[in-house]
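Chemist: The residues making up each chain are set out below.
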Amino acid sequence: MKPASLTGNRLTPLARQRLWLAPLVWLALLLLLAAGMGQLEWLFRLVEPDMREVIYRRAGFFSLLGQHILVVGAASLLAVVLGVGAAIAVTRPAGRDFLPLVSQLASIGQTFPPVAVLALAVPALGFGTLPIIVALLLYGLLPIVRNTLAGIASIDLDVHEAARGMGMTAGQVLRQVELPLAAPVILAGIRTSVTINIATAALGATVGASNLGDPIISGIVNGNTAYILQGALLIGLLAIAVDSVFERLIPGNPG
Amino acid sequence: MGEGRQRTNWVLLSLMLSAVAAWLTLDAVSVAPNRIVPGSAYTAREVMDGWPALLLALPMLAVAVLAWQPTRKGLRLALVAVVALLTLLPLWLSAATAVLVESDMPRARVGIGSALWLLLFLLLLALIELRTRLGLSRPMGWLLLVPMGAGWWLALTLWLEPLALLREYQARSDQFITALAMHLVLVGAAVGASLVLASLLALAMRRHAGIRRAGFGVLNFLQTIPSLALFGLLLAPLAWLGSRIDWLSAIGVSGIGWAPAFLALLGYSLLPMVRNIHVALEEVDPAVVESARGMGMNRSQVFLQVRLPLALPVVLEGIRITTVQAIGLTAVAALIGAGGLGTFIFQGLGQAAMDMVLLGALPIIGLALMADALFGSLSERLRPGGAA
Numbered sequence: 001m002k003p004a005s006l007t008g009n010r011l012t013p014l015a016r017q018r019l020w021l022a023p024l025v026w027l028a029l030l031l032l033l034a035a036g037m038g039q040l041e042w043l044f045r046l047v048e049p050d051m052r053e054v055i056y057r058r059a060g061f062f063s064l065l066g067q068h069i070l071v072v073g074a075a076s077l078l079a080v081v082l083g084v085g086a087a088i089a090v091t092r093p094a095g096r097d098f099l100p101l102v103s104q105l106a107s108i109g110q111t112f113p114p115v116a117v118l119a120l121a122v123p124a125l126g127f128g129t130l131p132i133i134v135a136l137l138l139y140g141l142l143p144i145v146r147n148t149l150a151g152i153a154s155i156d157l158d159v160h161e162a163a164r165g166m167g168m169t170a171g172q173v174l175r176q177v178e179l180p181l182a183a184p185v186i187l188a189g190i191r192t193s194v195t196i197n198i199a200t201a202a203l204g205a206t207v208g209a210s211n212l213g214d215p216i217i218s219g220i221v222n223g224n225t226a227y228i229l230q231g232a233l234l235i236g237l238l239a240i241a242v243d244s245v246f247e248r249l250i251p252g253n254p255g
Numbered sequence: 001m002g003e004g005r006q007r008t009n010w011v012l013l014s015l016m017l018s019a020v021a022a023w024l025t026l027d028a029v030s031v032a033p034n035r036i037v038p039g040s041a042y043t044a045r046e047v048m049d050g051w052p053a054l055l056l057a058l059p060m061l062a063v064a065v066l067a068w069q070p071t072r073k074g075l076r077l078a079l080v081a082v083v084a085l086l087t088l089l090p091l092w093l094s095a096a097t098a099v100l101v102e103s104d105m106p107r108a109r110v111g112i113g114s115a116l117w118l119l120l121f122l123l124l125l126a127l128i129e130l131r132t133r134l135g136l137s138r139p140m141g142w143l144l145l146v147p148m149g150a151g152w153w154l155a156l157t158l159w160l161e162p163l164a165l166l167r168e169y170q171a172r173s174d175q176f177i178t179a180l181a182m183h184l185v186l187v188g189a190a191v192g193a194s195l196v197l198a199s200l201l202a203l204a205m206r207r208h209a210g211i212r213r214a215g216f217g218v219l220n221f222l223q224t225i226p227s228l229a230l231f232g233l234l235l236a237p238l239a240w241l242g243s244r245i246d247w248l249s250a251i252g253v254s255g256i257g258w259a260p261a262f263l264a265l266l267g268y269s270l271l272p273m274v275r276n277i278h279v280a281l282e283e284v285d286p287a288v289v290e291s292a293r294g295m296g297m298n299r300s301q302v303f304l305q306v307r308l309p310l311a312l313p314v315v316l317e318g319i320r321i322t323t324v325q326a327i328g329l330t331a332v333a334a335l336i337g338a339g340g341l342g343t344f345i346f347q348g349l350g351q352a353a354m355d356m357v358l359l360g361a362l363p364i365i366g367l368a369l370m371a372d373a374l375f376g377s378l379s380e381r382l383r384p385g386g387a388a
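Just so you know, the protein sequences line up as chains A and G, in that order. The first sequence stops at residue 255 when you use the numbering used here, and every number in between is there. The second sequence stops at residue 388 when you use the numbering used here, and every number in between is there.
If you're looking for bench data, these hints aren't it; they were derived computationally from the structure. Model, not experiment: these values are computed from the prediction. Check before you lean on any hint, since a few could be wrong.
Some chain A residues near chain G, calculated using beta-carbon distances under 8 Å [claimed, not checked]:
(1) SER218
(2) ASN222
(3) ALA232
(4) GLY236
Where a beta carbon is used, it is the ideal one built from N, C-alpha and C, also for glycine.
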């Protein structure tokens with residue numbers, strides 16, 4: 001599945017299109033399953049022969065999927081903007097004082113289990129979708145900040161000097177040298193962040209959000225394995241599909 | 001760092017000014033007559049006419065002033081002030097509890113308000129900042145937390161009986177111990193088993209490139225699957241196995257409980273463990289191995305006396321990552337009936353009993369931080385040439 005991505009941008013346009021095949025297949029599978037879950041009733045009937053209802057019907061799978069993507073997307077987008085922004089700010093001369101604290105905070109914070117962060121968001125913010133977005137945002141910031149800092153720090157000082165020597169302004173160095181060179185590491189951080197967010201958002205079903213975690217929780221509560229399988233399959237496919245997109249985006253991805 | 005006067009430490013200054021603002025404006029403490037009735041909240045200024053609150057605000061302002069033109073001596077003084085503040089917070093809470101809880105309220109519950117949480121957070125950040133600026137070592141940093149720990153311990157054992165968190169603990173202390181033990185057993189079993197399995201896998205990977213590619217492929221794939229989904233997917237086959245095969249059900253294998261939790265934890269633990277062991281074995285300098293062979297060591301001697309000691313810090317790093325991850329994932333496993341501290345989180349969320357949520361979440365965070373510190377410093381200490 002992976003070897004092609006190692007050669008990066010030396011590929012012909014045709015081969016490059018093939019790289020997008022895996023994400024497209026996963027996405028198609030995800031959408032097909034969300035749309036056709038009802039057709040698979042016979043299959044789930046095998047799992048739970050005695051249950052009255054074997055297809056989760058409290059909400060459509062498409063709307064659950066949409067909710068899930070919306071929550072993760074909103075939190076991740078904000079986390080990228082704030083995380084990359086904060087990391088850039090503390091690596092500029094004006095904000096450099098904050099660098100040691102921010103980088104230590106980012107690594108200590110990642111020790112906190114995401115479930116615990118989600119659980120603490122509820123007493124602070126109440127039940128519902130908003131606390132989940134805030135919890136995901138806060139937690140999702142950490143890998144992004146950490147990787148952006150690492151990516152910028154890994155750039156050779158000589159490269160910096162050369163860029164300044166060519167007469168680039170500080171802003172140009174940032175946009176044309178630092179960010180492009182740090183991009184793979186930053187993207188890897190965003191990937192970690194999104195993966196964690198998809199998993200943690202599913203737990204949001206326990207604090208009153210309706211998303212793909214819902215069928216699982218409801219299945220556990222009612223002892224209906226079929227519900228659990230439906231939720232688990234869709235979340236698993238969503239995570240794999242999103243991850244395979246990142247896999248293609250990151251050049252020379254080291255697995 | 002340097003001697004004499006330095007530039008203004010904006011980090012410390014802004015931390016302290018926000019601390020003063022949060023402390024004097026937000027709710028610091030709440031009192032409810034019992035578990036059900038919502039309580040009334042008080043700011044720090046409303047407790048005991050506000051003078052203790054103002055007294056505590058003074059050292060914060062003093063640190064802010066010291067941060068304006070910091071000298072090394074000034075920063076040391078600031079460190080003392082921050083440690084003192086952290087120690088005084090539980091004592092302030094005890095005093096506030098004594099004043100606010102009247103003797104005719106035997107079931108009264110005292111809650112910790114946002115001002116106190118925020119102040120705690122900001123002061124800890126200030127402590128980290130000061131530790132970095134003064135170049136203090138990691139163990140020294142932990143030592144600085146001892147007075148605060150002592151303060152909380154004293155307050156909790158002597159004066160803070162009405163604290164809601166403590167009441168919640170006392171109501172189910174047996175359950176808490178069982179849950180804590182279950183949590184530790186699951187984490188320990190998963191990390192231990194993954195260490196053994198991952199070592200075997202990593203050794204096999206060194207021999208065959210095919211196993212390496214396939215192994216990392218499968219483990220990467222597994223790591224991507226959200227925990228709740230993996231628990232769910234394991235549930236059906238394990239329930240089936242448990243109902244068909246007698247000896248499996250006799251040892252407790254079923255769709256819910258420890259079996260799916262353990263398997264999922266093991267699956268998640270393998271990737272970081274295999275990756276680190278693999279890197280540890282690969283990264284040993286070939287020249288070192290070469291010279292060991294030259295000295296007449298045989299294969300197993302090279303492995304035991306050269307490769308293993310050099311690899312150990314990296315392996316410990318893998319154990320650190322795996323343990324921290326497993327502590328968090330075990331909390332999720334409570335949803336499928338595996339027990340552990342997550343039980344309190346999800347029960348608390350179900351009953352909208354926030355102190356019960358805290359009773360689960362705070363120890364989990366504590367465990368994760370402790371595991372991180374323990375294995376982190378062990379790995380640092382064992383690194384060749386790098387004592388802590």
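Chemist: With reference to the structure, classify each hint as holding or not holding.
Modeler: Structure-based check of each hint:
Restraint check, A:SER218 versus chain G: the minimum CB separation of about 11 Å is more than 8 Å; hint violated. Hint on A:ASN222 is violated. Least Cβ distance to chain G is approximately 13 Å, over the 8 Å limit. For the restraint placing A:ALA232 at the interface with chain G, the shortest Cβ-Cβ distance is roughly 3 Å, inside the 8 Å limit, so the hint holds. Among the interface hints, the one on A:GLY236 holds; its C-beta lies about 5 Å from the nearest C-beta in chain G, closer than the 8 Å criterion.
Taken one by one, the earlier hints fail for this structure at numbers 1, 2, listed in ascending order.
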